[in-house]
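Protein chains: 2
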Amino acid sequence: MKGLKQHIRSIPDFPKKGILFYDVTTLLNNKNKFKEVMDVLYERYIEKDIDAIVAIEARGFIFGAALANKLGAAFAPIRKKGKLPYSTSSVTYSLEYGEDTIEIHEDAFKPGAKVLIVDDLLATGGTMAAAVELVKKLKGDIVEVSFVIELSDLKGRDKLKGLPVYSMVKY
Amino acid sequence: MKGLKQHIRSIPDFPKKGILFYDVTTLLNNKNKFKEVMDVLYERYIEKDIDAIVAIEARGFIFGAALANKLGAAFAPIRKKGKLPYSTSSVTYSLEYGEDTIEIHEDAFKPGAKVLIVDDLLATGGTMAAAVELVKKLKGDIVEVSFVIELSDLKGRDKLKGLPVYSMVKY
Chain H
5 MKGLKQHIRS IPDFPKKGIL FYDVTTLLNN KNKFKEVMDV LYERYIEKDI DAIVAIEARG
65 FIFGAALANK LGAAFAPIRK KGKLPYSTSS VTYSLEYGED TIEIHEDAFK PGAKVLIVDD
125 LLATGGTMAA AVELVKKLKG DIVEVSFVIE LSDLKGRDKL KGLPVYSMVK Y
Chain Y
5 MKGLKQHIRS IPDFPKKGIL FYDVTTLLNN KNKFKEVMDV LYERYIEKDI DAIVAIEARG
65 FIFGAALANK LGAAFAPIRK KGKLPYSTSS VTYSLEYGED TIEIHEDAFK PGAKVLIVDD
125 LLATGGTMAA AVELVKKLKG DIVEVSFVIE LSDLKGRDKL KGLPVYSMVK Y
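Line order of the protein sequences matches chains H and Y. Under our numbering, the residues of the first sequence are numbered 5 to 175, in order. Under our numbering, the residues of the second sequence are numbered 5 to 175, in order.
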């Protein structure tokens with residue numbers, strides 16, 4: 005999307021030294037730009053008959069829930085372990101140091117549902133690959149995996165092979 | 005809102021023994037009900053010229069961001085300490101055991117902006133009282149504090165005195 009980069013703030017050394025963090029809050033606090041981004045996503049997906057949008061805690065909820073409501077789709081959150089109160093499916097995946105576990109409610113959507121997975125940023129792709137695994141466990145039909153920002157150098161797409169992947173802006 | 009309760013799942017002993025947890029994911033994964041809830045909020049606020057919706061991590065993001073987009077307003081997240089990358093204002097508040105700190109970006113909205121604060125659930129009101137303090141620090145003009153669910157017995161409204169408080173459903 006043209007001109008989007010100037011509304012995304014980059015912050016050096018966050019959350020730790022050597023990391024350049026892309027901050028979407030400057031996009032969200034501009035009502036016209038936030039609307040424009042959501043309109044682009046709406047146009048991309050309105051003809052796809054999406055049943056449910058699945059999004060990853062916490063920034064993914066912002067774009068995912070706004071889009072779900074706009075499309076008239078359902079919304080299902082993926083959260084860190086222990087946060088969802090009902091029966092869950094979980095996936096544990098490796099991080100640079102250690103590992104992490106994410107979960108989805110077992111009744112998040114019906115088997116065969118057309119699912120769009122949304123997050124704010126694609127970096128190494130580890131979390132999103134785990135999210136894809138969760139959606140597949142529940143037999144969701146993944147229409148696309150959608151990001152606002154993609155950090156191309158980190159090759160996150162390699163972890164999402166065989167799936168359509170979309171990003172609005174690439175660094 | 006009529007008939008809403010039957011779409012909110014109650015889960016005993018979550019996150020710990022003795023707590024009855026109200027789970028909104030069963031509302032969110034019903035596309036018609038999710039839309040209906042957002043339509044009610046839209047009707048309530050569309051004439052109020054809201055500049056920005058401020059919402060509390062993480063479930064608050066779901067309702068807050070969807071509503072912001074629907075109203076054409078900006079969105080600003082309140083997060084746990086250390087999660088927001090830019091200069092923040094912070095408030096520390098007491099919990100049953102210990103304390104917690106929440107933050108907002110200093111440029112979340114302009115002084116004088118008409119702000120609606122959104123969260124999924126009003127319990128004791130401690131977190132929302134801290135959120136109100138954050139919005140006041142940035143000189144926001146609070147139009148209302150809005151919840152999907154209110155647990156009336158816990159008297160959270162007492163911590164929000166002098167502010168308009170709205171909830172869609174009361175237990």
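Keep in mind that the hints were calculated from the coordinates and are not lab data. Among the clues, some could well be false.
If several chains are the same, the list does not tell them apart, and a pair holds so long as it fits within one copy or across any two.
To be verified - Derived SDA-like pairs: lysine to any residue, alpha-carbon spacing no greater than 20 Å straight-line:
(1) 84 with 118
(2) 35 with 157
(3) 20 with 83
(4) 74 with 34
(5) 52 with 27
(6) 52 with 174
(7) 52 with 169
(8) 21 with 96
(9) 6 with 89
(10) 35 with 100
(11) 74 with 43
(12) 114 with 12
(13) 84 with 40
(14) 140 with 24
In this text the structure is predicted, and so the values were computed from the model without any measurement.
Checked hints:
Proximity of residue 84 to residue 118 under the C-alpha cut-off of 20 Å is found in neither arrangement, the shortest distances being 23 Å within a copy and 33 Å between copies. Taking identical chains as interchangeable, the C-alpha atoms of residue 35 and residue 157 are never at most 20 Å apart, the minima being 30 Å within one chain and 37 Å between chains. Taking identical chains as interchangeable, the C-alpha atoms of residue 20 and residue 83 lie at most 20 Å apart only when they sit on different chains, with a minimum of 18 Å there against 23 Å within one chain. In this homomeric assembly, residue 74 and residue 34 come within 20 Å of each other (Cα to Cα) both inside a single copy, at 18 Å, and across copies, at 14 Å.
Taking the shortest alpha-carbon separations for residue 52 and residue 27, neither the intra-copy value of 29 Å nor the inter-copy value of 29 Å comes in at or below 20 Å. Taking identical chains as interchangeable, the C-alpha atoms of residue 52 and residue 174 are never at most 20 Å apart, the minima being 24 Å within one chain and 37 Å between chains. In this homomeric assembly, residue 52 and residue 169 come within 20 Å of each other (Cα to Cα) only inside a single copy, at 15 Å, whereas the closest approach across copies is 38 Å. Proximity of residue 21 and residue 96 under a CA criterion of 20 Å is satisfied in neither setting, with 26 Å inside one chain copy and 26 Å between copies.
Taking the shortest alpha-carbon separations for residue 6 and residue 89, neither the intra-copy value of 41 Å nor the inter-copy value of 24 Å comes in at or below 20 Å. For a Cα distance limit of 20 Å, the shortest separation of residue 35 from residue 100 qualifies neither inside one copy, at 36 Å, nor across copies, at 37 Å. Taking the shortest alpha-carbon separations for residue 74 and residue 43, both the intra-copy value of 9 Å and the inter-copy value of 11 Å come in at or below 20 Å. For a Cα distance limit of 20 Å, the shortest separation of residue 114 from residue 12 across copies, 18 Å, qualifies, whereas the shortest one inside one copy, 36 Å, does not.
In this assembly of identical chains, residue 84 and residue 40 lie within 20 Å of each other by CA distance neither inside one copy nor across copies; the values are 30 Å within and 28 Å between. Within a single copy, residue 140 and residue 24 get their C-alpha atoms no closer than 32 Å, and across copies no closer than 31 Å, so neither meets the 20 Å cut-off.
When the structure is compared with the earlier hints, violations turn up for hints 1, 2, 5, 6, 8, 9, 10, 13 and 14 and for no others.
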